[in-house]
Amino acid sequence: MGKTLSEKIISMKSGMDVSAGDIVICPVDLVFVQDTTGPLTVRQFRAGKNNTLVNPSNSVIFIDHASPSPSLSLSNDHIFLRNFANETGCLIFDVGNGVCHQLVAEKFANPGDIIIGADSHTVTAGALCSFATGMGSSDIAIAWALGKTWLRVPESYRIELKGKFQKYIGAKDLILHLIGTIGADGATYKALEFTGDALDDMSMSQRLTIANMAVEAGAKVGLFPSDQVTHDYLYACGRKNKYKPLQADADATYERSIIIDVSKLEPTVSRPHSVDNIALAKNLGDVNINQVFIGTCTNGRLDDLSQVAKILENRKVHREVRLLVCPASRSIMAEAIKAGYISTIIEAGGLILPPGCAACLGLHQGVLGNGEVCISTANRNFKGRMGNPESFIYLASPATAAASAITGKITDPREVL
Amino acid sequence: MQKITLKGRAFKFGDGISTDLIIAGRYADLRSNLPELAKHVMEDADPEFIKKVHPGDFIVAGSNFGLGSSREHAPLVIKMAGVSAILAKSFARIFFRNAINQGLPVLICDTDLIKDGDQLEIDLGGGVIINVTQNVRQTFTKIPAVMLSILNEGGLVPYINKYGGFKL
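As they're listed, the protein sequences go chains R and Y.
First residue of the first sequence: 1, per our numbering; consecutive thereafter.
First residue of the second sequence: 1, per our numbering; consecutive thereafter.
Simulated from the structure, these hints should not be mistaken for lab results.
Small disclaimer: the values here were computed from a predicted structure and weren't measured.
Among the hints, erroneous ones may be present.
Claimed, not checked - Beta-carbon label-pair distances, calculated as ranges:
no.: 1; chain 1: R; residue 1: Ala236; chain 2: Y; residue 2: Lys115; range: 53 to 61 Å
no.: 2; chain 1: R; residue 1: Ser263; chain 2: Y; residue 2: Gly82; range: 51 to 59 Å
no.: 3; chain 1: R; residue 1: Asp17; chain 2: Y; residue 2: Gly165; range: 16 to 24 Å
no.: 4; chain 1: Y; residue 1: Thr139; chain 2: R; residue 2: Lys240; range: 48 to 56 Å
no.: 5; chain 1: R; residue 1: Tyr189; chain 2: Y; residue 2: Thr139; range: 19 to 27 Å
no.: 6; chain 1: Y; residue 1: Gln134; chain 2: R; residue 2: Pro354; range: 53 to 61 Å
no.: 7; chain 1: Y; residue 1: Lys142; chain 2: R; residue 2: Asn86; range: 41 to 49 Å
To be verified - Simulated pairs of lysine to aspartate or glutamate, EDC-like, Cα-Cα distance not exceeding 16 Å:
no.: 8; chain 1: Y; residue 1: Lys12; chain 2: Y; residue 2: Asp110
no.: 9; chain 1: Y; residue 1: Lys89; chain 2: Y; residue 2: Asp110
no.: 10; chain 1: R; residue 1: Lys49; chain 2: Y; residue 2: Glu153
no.: 11; chain 1: Y; residue 1: Lys167; chain 2: R; residue 2: Glu313
For each residue, glycine too, the CB sits at the ideal point set by N, CA and C.
Next comes chain Y alone, as it looks inside the complex (with noise of 0.2 Å):
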């Protein structure tokens, strides 16, 4: 596999990040028209994410990211915010599956050891977070075979275009 590595600063959220704090349920009027729903991505947690969030950086967070609403938007307008990958103590379930399959990584570490601010490099491949702000390394959780591979292919509809069903 080739080696991935995606650099960006982290911007820190607290745990129980909602759906609703992601992407408002208010803007369901919006959800046929993506471009403008992703202007609201992160706004009931941090108004002013949208303003500073630059391409390649991530989200990191505490316990239970992504509670709450099974919208797959909430992946989405992350990444189409920019965003490389998200890094938390722990995913709700569904969105951690929905993350995947918008070919968004999603990965699970200890994020008390990061601040706000720090710029950091990941080798997604190899597992490992190097925290260029504070010159340390550290490892996430390995991401489960199958969903591994969705994730390399893109998202789930690539992956089943590739494949024409599961590979287990």
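Chain R with its partners taken away, still in its complex shape (with noise of 0.2 Å):
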């Protein structure tokens, strides 16, 4: 019987001939936490009996989700954290590096890796192969003592994508397209596996951002096989020696399947308040945006910001829309720097956030007013997200983000360009 990559990898790492609804322990390759799920990870680590680290380089905090700290209390928060990785000899990225999980995949994830975070999005991992899932606190906390965790084995949807894409179409569209189709709790539970001839022209980042938002539609993991370009993101990373081929048994189960024609596929917008309810940008009617969110560990990264210089050359934002550009770590920043994206996104008019999560959760650098309209190339909606349950998120690509930021309402950018 074949099995799907999610029954190959958790077999591989626990030992056992496991198929989707086992439940096995195993060990984990990365534990992590970011600075809001931190300290109380840290407070549960301290109340179990057994509280040495069982892995210090293997465990990781990432301080990025208030990033520089904005209050009192959130600083007091990171002092205890950096503390503890003091005494404990635990990794530690502070503030400036970048979101934890394009970090995750810069410097840790490998194909056939476990890896758990005290984060929804610890799915971006799934990008490199990794079955990289979210929990939270206290089974963090405890991985970090056992160096394992439990999981249900997953069944699986496998997900063909054929095809390729149109210009400034991409990898968001088709993921905000897949969670309209099977809703937010379509995969509730369950692992979404990407196959098919689409995957061979599609980067690491957008698979990134794909994986990142399989969370959106409940699942556990997001995963795509390892292969050429697993191989030759891993080798840019300076992790060669990594890479390994991985992929489902043409003779796997699943327990569903879709299949997906990138190449229909248009600028998708998901309104608010939830992931799941989408439209084309070009049916949505005149929306006046005030905020343009660009960055996070959905669309942060270099390609990205690549496509948002293209549309803002020689343009300008619109002068009642704010353009926020936040590059998703540290060497994206630099890398933007180098390739001239970063200034002449300031030269349209748009300003630049520390590597980070920035207003993405709400907590600073663009909390919305009341009634204000935010489009975002994040990866949530819902009311309140960005710190206002009066205010309005729009989702949508980088692409459709850059072009909404110069017409000053969500706009198709084929109609810009």
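Dock the two chains into a complex; use the hints.
What follows is the structure in structure tokens.
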């Protein structure tokens, strides 16, 4: 009987021959927290009898959510986390390094790994064929202490992607389309496993965008096979020795199969206040916007910024719009400066934020006012997400967000090009 | 196993109650001050909830309860408000696991049958909900064995402290 990617990775790690529905104890390769889930994790860890880190080099703290801190109490939380790192020898990536999920991709995630993090978007590393999933503080604290966790092997949905994207249409449009099709709970507890000929042209950046949002359909993990694209990305990150090819068996059993012809996709937008409330940008009518936010673990990578810079070149941001752009990591910011993208964005009237989560979760750097509308490249548009339940968030691709920044209303990027 | 019966009033909510509605991200600066954080439980879904809820009461919701963030503060503040169990048609995965890890029962059942304000009695071990107000009886989906043992110990940390590891 063939195995899905999920069954394969969990079998390899647990040393057992598992299939969907089995519950197993598994060693974990990376266990991390960020600064809003970290303090509770540390307290749960200390409440345990066994409170020595079993593997400090695989235990990581990222300070990215409130970065730099906007308040006294969060600054004290950061001190608490730094002290814990000093005492235990775990790794810490402090303010300015970037969003945890981007750093996990750049520095840690390898094909066949099991990664757990106290952040729901831990699924992002599925792009590198890591079985990566979000958990809460107690689970992470126990994994720090034991080096393992319990997992139920998920049933998988096979998502076949075929064809080639049209210009200025890409990964974000695809994943919004998929979530709109199956619903915000359409894959709860399941694995989304991506396959198909469209993957050959899909960069690691695009795969990360798609895997990142698997959780917005309720999925436990969003997995890509480990292939040439994975190989080249690991090589560029200095981890070529970690590459191994990995894909699902041809005769694996799937609970559901979905085929998407990506060449038929159009710029897609998710409307307030749920991610599955999708529409095509061209059909939205006049939706005036106050703020554009481009960045995050979903869409703050170099090719996202490249697309934004291309659209903004020799154009100006609409006078009633604030354009906030946040590279997902320090290395992306450095590359974007070298490539000239940052100066193009600034000359067009945009504002650059320090690498981190920025405005995404409503803590700082772009909290919306009453009645304000934001188009964002992030992954969530829940009521109150950007700090104000009286505001409205639309999700879209970097191209759609950049085009909208120019016109002042939600715009299909093909209309301004 | 000893029989545990929970008694309280139903507070009804709709589908898709996100962790932002349960405890908004904008209160992240209170996460190291749990008593203050807990005052904002369910605030963006029902600002009056914290004034109305009594120890033992139930949150009764539709589908996909707890979607979104992995913040374990979400079930934690619900428990601190005195809620003894959450009943929903379905739960988001991380929230479900977090609630069990905090020792808060999360029960999957047909919640359309329950009305706001109904008095409920729940036999946790027996899997039975008695709707005292409507005089009807319904069942909930069995909790997986590993999660039931974690729940019985009051959460994951006490469970691991007792057994030293996972017992499957």
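Hints, one by one, checked against the model:
Against the hinted window of 53 to 61 Å, the Cβ-Cβ separation of alanine 236 of chain R and lysine 115 of chain Y comes to about 58 Å, which satisfies the hint. Against the hinted window of 51 to 59 Å, the Cβ-Cβ separation of serine 263 of chain R and glycine 82 of chain Y comes to about 55 Å, which satisfies the hint. The supplied range of 16 to 24 Å is met by aspartate 17 of chain R and glycine 165 of chain Y, whose beta-carbon atoms lie about 22 Å from each other. Distance hint for threonine 139 of chain Y and lysine 240 of chain R: a CB-CB separation of about 55 Å, consistent with the stated range 48 to 56 Å.
A hinted range of 19 to 27 Å for the beta carbons of tyrosine 189 of chain R and threonine 139 of chain Y is consistent with their spacing of about 21 Å. The beta-carbon spacing between glutamine 134 of chain Y and proline 354 of chain R, approximately 56 Å, falls within the hinted interval of 53 to 61 Å. Checked against the hint of 41 to 49 Å, the C-beta distance between lysine 142 of chain Y and asparagine 86 of chain R comes to roughly 45 Å, which is consistent with it. The straight-line distance between the Cα atoms of lysine 12 of chain Y and aspartate 110 of chain Y is roughly 13 Å, inside the 16 Å bound, and the hint therefore holds.
Proposed proximity of lysine 89 of chain Y and aspartate 110 of chain Y is supported: the alpha carbons are some 6 Å apart, at most 16 Å. Distance check on the hinted pair: lysine 49 of chain R and glutamate 153 of chain Y sit about 15 Å apart at the alpha-carbon level, within 16 Å; holds. In summary, the hint linking lysine 167 of chain Y to glutamate 313 of chain R is not supported, as the alpha carbons are separated by about 60 Å, beyond the 16 Å threshold.
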